[in-house]
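There are 2 protein chains.
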Amino acid sequence: MSPVKVLRNCTDLEKSVAAIAVIFNNHAGSDGKLSKAQAKDLLLAQFQSFIKGQELKPKYKEIISDLDEDKDKKIDFEDFMIILTSLTIMSNIMHELQCLTMKK
Amino acid sequence: MSPVKVLRNCTDLEKSVAAIAVIFNNHAGSDGKLSKAQAKDLLLAQFQSFIKGQELKPKYKEIISDLDEDKDKKIDFEDFMIILTSLTIMSNIMHELQCLTMKK
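Taken in order, these protein sequences are the chains called A and B.
With positions in the first sequence counted from 1, the corresponding number in my numbering is that position plus 6.
With positions in the second sequence counted from 1, the corresponding number in my numbering is that position plus 6.
FYI, nobody ran anything at the bench for these hints, they're computed from the structure.
Hints are all accurate, no fakes.
Identical copies look the same in the list; a pair holds intra-copy or inter-copy alike.
Okay, derived cross-link-like pairs now, SDA-like style, lysine to any residue, Cα gap no bigger than 20 Å in a straight line: (1) Lys21 / Asn31; (2) Lys21 / Asn32; (3) Lys80 / Leu49; (4) Lys42 / Lys80; (5) Lys21 / Met96; (6) Lys80 / Gln104; (7) Lys58 / Cys16; (8) Lys65 / Asp85; (9) Lys58 / Ala25; (10) Lys80 / Ser92; (11) Lys21 / Gln52; (12) Lys42 / Asp76; (13) Lys58 / Thr17; (14) Lys21 / His33; (15) Lys42 / Asp72.
Extracted from the complex, chain A is given alone in its bound form:
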């Protein structure tokens, strides 16, 4: 069975990672990469729930200013996941998700 057909009966973890990969690939060029400007646009358009409230944090400003610098420079899926992870860790949502799971 082709790997992607395998995704039909896969776990939530696999579906979630595959979904992120598809979103990234849909925006990537034929080289499989995004420009920094495209990555910033994608994050501001599709990751606002995690970004909201972080705009004044130094780490957030560092991520955005790095994306603003040398805008045409390309980033790959690994770079994108590192940015996504950084934004997630600092977010209010992550903090609340941790509190919710600890209440169980």
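Add chain B to chain A, keeping to what the hints say.
Using the frame of chain A, we list chain B on its own:
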């Protein structure tokens, strides 16, 4: 509105990242971390579709041997996402997802 309630009307990218965070937090201890042994069990149990076919690759062996070393050592969400990303990048699924999106 509390951050997590915001997730109700959020993007696929946000849902996917939140789902990974919930899965991680559900397995994490009160310190918000997993032991290396727990991380390995979680990946082998819930990420097989991406792992299948990679077992002989040096990078895969490196990831697994690192998880086997000092098993009680704790890893946080960021560490987990880095491992998840490495496994995704080397996987047949990622390669095929890239081919599928390029055919569009």
